[in-house]
Every structure is written in C-alpha cells, then in structure tokens.
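As you go down the protein sequences, you meet chains S and G in turn. Its first residue numbered 1, the first sequence is counted upward by one per residue in our numbering. Its first residue numbered 1, the second sequence is counted upward by one per residue in our numbering.
Among the clues, some could well be false.
As the list claims (entries may be wrong) - Simulated crosslink set (SDA-like; lysine to any residue; CA at most 20 angstroms straight-line):
{"hint": "1", "chain 1": "G", "residue 1": "183", "chain 2": "S", "residue 2": "260"}
{"hint": "2", "chain 1": "G", "residue 1": "95", "chain 2": "S", "residue 2": "46"}
{"hint": "3", "chain 1": "S", "residue 1": "45", "chain 2": "G", "residue 2": "58"}
{"hint": "4", "chain 1": "G", "residue 1": "95", "chain 2": "G", "residue 2": "69"}
{"hint": "5", "chain 1": "S", "residue 1": "45", "chain 2": "G", "residue 2": "99"}
{"hint": "6", "chain 1": "G", "residue 1": "183", "chain 2": "S", "residue 2": "86"}
{"hint": "7", "chain 1": "S", "residue 1": "260", "chain 2": "S", "residue 2": "333"}
{"hint": "8", "chain 1": "G", "residue 1": "183", "chain 2": "S", "residue 2": "239"}
{"hint": "9", "chain 1": "S", "residue 1": "45", "chain 2": "S", "residue 2": "86"}
{"hint": "10", "chain 1": "S", "residue 1": "45", "chain 2": "G", "residue 2": "97"}
{"hint": "11", "chain 1": "S", "residue 1": "64", "chain 2": "G", "residue 2": "76"}
{"hint": "12", "chain 1": "S", "residue 1": "74", "chain 2": "S", "residue 2": "46"}
{"hint": "13", "chain 1": "G", "residue 1": "172", "chain 2": "G", "residue 2": "139"}
What the hints assert, rightly or not - Pairwise CB distance ranges (calculated):
{"hint": "14", "chain 1": "G", "residue 1": "171", "chain 2": "S", "residue 2": "91", "range": "15 to 25 angstroms"}
{"hint": "15", "chain 1": "S", "residue 1": "310", "chain 2": "G", "residue 2": "192", "range": "46 to 56 angstroms"}
{"hint": "16", "chain 1": "S", "residue 1": "28", "chain 2": "G", "residue 2": "126", "range": "27 to 37 angstroms"}
Unchecked claim - Here are some chain G residues the structure puts well away from chain S; computed CB gaps all over 12 angstroms:
{"hint": "17", "residue": "134"}
{"hint": "18", "residue": "152"}
{"hint": "19", "residue": "154"}
{"hint": "20", "residue": "157"}
{"hint": "21", "residue": "175"}
{"hint": "22", "residue": "178"}
{"hint": "23", "residue": "201"}
{"hint": "24", "residue": "204"}
{"hint": "25", "residue": "205"}
{"hint": "26", "residue": "209"}
By construction, these hints were calculated from the structure, which means they are not laboratory data. Backbone N, C-alpha and C define an ideal beta-carbon position, used for all residues, glycine too.
If you want the building blocks of each chain, they are given just below.
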Amino acid sequence: MHTFEFIRPADSAMAVAIGAQTKTAQQGADVRFLAGGTTLLDLMKLNVETPARLVDINRLPLDKVERMPDGGLKIGATARNSDLAHHPIVRRDYAVLSQAILAGASAQLRNMATTAGNLLQRTRCMYFRDTAMACNKREPGTGCPAITGSNRTLAVLGTSQNCIATNPSDMNVAMAALEATVHVQGAKGPRAVPLGEFHLLPGSTPERETVLEPGDLITHVTLPPPIAGSKQVYLKLRDRASYEFALASAAVVITVAGGKVTWARVALGGVGTKPWRSPEAEAALIGQIANATSFRAAAEAAMRDAKPQSENAFKIELAKRCLTHSLQMAATS
Amino acid sequence: MRDDSHGRLPDLTRRAFLSTAGSSAAAAAIAGCVPASSRAAGRASAGSVVDGPSIEGAVPVTLRINGKEQRLLVDPRTTLLDCVRETVALTGTKKGCDHGQCGACTVHVNGRRVNSCLSLALMHDGEEITTIEGLGTPDALHPMQAAFVACDAYQCGYCTSGQIMSAVALLKEPCGPDDEAVKELMSGNICRCGAYPNIVMAIQQVRRNA
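Same shape as in the complex, but just chain S (with noise of 0.2 angstroms):
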C-alpha cells in the first residue's frame, strides 16, 4: 500500500474543498473520501487504488434514515448498509432495499459499508483487481483480457468493445427500481442526480464509472414515497449460498389489481455494466395479466440486447429465469 496522508475534515465545506484539489474523482484520483473502507482499503492493498490524501468523513453527521415530509425517505451517505437495511420504515416500505442489502457480502461487511459506499462500488473483474494484467479501466488505452479471457462472472448488458466489467453492487438493483436519487455536494454547489444517470456506461471512457467530479461529495439519497400496495422482491442467484457476487439478480416492484400488473419497476444485477433498470421490461409488463407468460415476455424484452462472452451466455437465460420467479414471487406474496 502507498502511504498517504489521513485527514479528518470538520465538516462537509472542508471535505469538498480537499476532494476538489484531485485532478479526477475517478480511477487515479490522488484524493478519496473514506467511509466503511470496504471497497476502497481492499483496492489500496492491492495498489489498484493509490490515492496520496484520504479523507476520513465517518465523523460527518451524514449517517441519518429519516422520513422527508413528502413522505419519501432520506438516507444519509455514512449510514451502514446493515442499519439501513434493518430500518423499520425500509423494512416496511422499501422491502426490496432491505433484502438486496441483506443478500450482499457478510454481516461484518454490512456493519462497515454505507450508502456512498456502496453506490461507489467498485466491480470484481480479476483483471482489474490485478495490476500485473492490462485493464481499460484500471489504466486507460492497455486494453481489456478479459475479452478473450476468463469472464464467466462479467457483463452482458450494456458493454463495449474496451470492458465488460460487471457492477457487483446489490443495493444499486434495488435503488434501481425504486428510483432513488444521489444528491451530491460539490465544489459549485448541491446538486441531484437520478439514479439512473448517476453510474456510466464504459463506452470508450471505462475508467469514468460515475458523473462525480472532483470535491463531489455524496451527502444523501433520497427514495420517492412508497407505492401504496406493491409488492416487493429481490432474488439473487449465485454459485453459493451466501457471501458471493450475484451471477444475475433481479429487483422487482409491482402492483397487481384485478388481476392485471398496474405499476411495474424493474432492475436486473450481475449481468449489467451498471445497476439495470430495464424499462423495457416495465412496458412489457404494465396492462398485462399477472401470470407466467407475461412475466417471461418481460424477461425476454429485458435480456434483448445482451451479449454474451465466451464463458457467460449461461448468464442470459439465467437472468430471465431470475426475473420471471421473482415477478412470480412478488405476484403471489
């Protein structure tokens, strides 16, 4: 691990003022915002990570769930996935949240990691975490093995000819279909982002995973107020039973009434690029009737456009039968 200086700020001003001194807030940013350690302390011992000042904000007062007056909810940067998760009101209300938290890394984890955190995820192509092989994303232009190499485990949706590195995040699947939103404080003020705009497809620029620029601060997400009579699942299939990386996942949020899908929010994990919202699979189901072969046809629109690697073409059946069981579970629940 390369050292680096460990800095406290006293408040989010001070922290935004040091972030934006990086030259990026992507891969090689010589600044980093340290929350839960997770994901960022694995990738510095692995030197894939080299930032030269870390910026501790576990101190901030960023750690808060709380209900908003519109009846949504706000959920702090810092607050840990497992108190997150076992909240009364996600529990109640944003199920799905509270499941796909629970299906993700262990309960040690889960007490370490937090909502920025987690959004920030970083993927577990081998190729990445390894700087003895080449790696678009790691650095820029060397090119991706993972290609023509071992990539059982690596996306279908959305990649490109430069990376087909999945996002491994099972909370992003659930925020996902519940539309959340990032709000983020930056050198130039507060701003807020739709989930959906927030994670980058990797295109020809793989190294920018996010829109986060330099000094951008993650404070909180925000989830609409709940959807009066939905039913919500998160399944998560896998090569284990537990603490292991989905190899597809699906977050659904349905209404059913009189028999026929009326509100349909759909994301697919493990097979995507970033967290999959498939609005396609939304249209396929709304005005349908709640049974097996609508939520087939929904499946088959949702996988339309994979494409498989040399290892993972298992993963686009696999990840239609995910979502046609969990629109099945969700339906009769």
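Position chain G relative to chain S; hints supplied.
Positioned in the frame of chain S, the structure of chain G alone reads:
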C-alpha cells in the same frame, strides 16, 4: 516443586519461543537492513504513548482495547488488525486473507462485528475495540467459548477467534431461530477444516440457554 533436572526450557509460550528463534534467524539474514532500535522501542508501558517503532509519518491514535486505553503511534496505513496484533501484541485475532473475504480478523468496534483487516486503526480513534482476549479468560470462558469447546466447533483453530467474535455479535443481531438463519449470518466466517455443523450447534446451544 518443579523438577528442572531434565533440562526443560524455562516457561516460554510457543509464540515467545518462535518469536525469539525467528528474530535471531531473521536478524542474521538481514543484518544491517533494519534499524536496531525499531523492535525494542515498540513495547509500550501501560497508559503511555508507544514511542516507536520510529516510523516516518507515524501519527497518534487512542483506542480502548478490551477496556484498556491504548495511546499509540502508528503508520497511517496500519489496519486495525495489524494494530491489534503487531502494535498492541494481542495475537488472538488472526490474519487470513487480509481482504475481507474470510472473517478470521473479526473484532467488535463499539459492540458491532467488523473485519479489522479492512479498517484503518486511525478510523477508530476513541472507539471501543473488543478482541477475543477481551471476551473471557481461560478460567472464566465466555459462554460462546465454552460452547465451542463443548461442541468441538473447531479443528485447526485458526478461524476460531473470528468465528467466536462473529457468533457473540450475532446474539445481539436480528436472527431467525433456525439453523439456516445462523448459517446465513455466519457466512462471512470461512472454516477450511469444515467445522460448520459444530459451529452452528455451539451457537444454537448458547442461544437456547440465553
């Protein structure tokens, strides 16, 4: 009265013996490469600031470890795990993968279980750290330690301190009554000997008696 006539070694723990033997060998191998003062200066007297190793850029941090205040000087890169093991010499906490994947390093911070390998000591200034040494003593085991012994919930023992720290924290977390719920909440602690069934048995025994 003790009989030393058979040439017994003086009372030495295994660790102290290995550490003495190892450091002599290492010193011979790398003589001249390490400042001679760095090890000797590393031992703290109770309540005082540790004044070495003389690391460039070392910064002060105060941790309450097992109820005892420790005022330390550490390289900023020092993980909570390395701080507990190397700086404070509490070696019951183990280093397995060092990447948050095995759970051997599990300790409690302010009563909650965490992977000490993925946390910096500096992040915990002023916080309460509990390690396996703070849980019970050989004469007065914590009920979870006693249950691990009674249920034979280990083989090689390397993961055991992490398993027990995790299991004790689990007692205060939302967890369903059945074995499946326990397995799920213990999935962050890997046991390569495969003592899992007995670990679950030990935890359930403590929960039933609670």
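Non-conforming hints, listed in increasing numerical order: Of the numbered hints, 1, 4, 9, 11, 12, 13, 15 and 21 do not hold.
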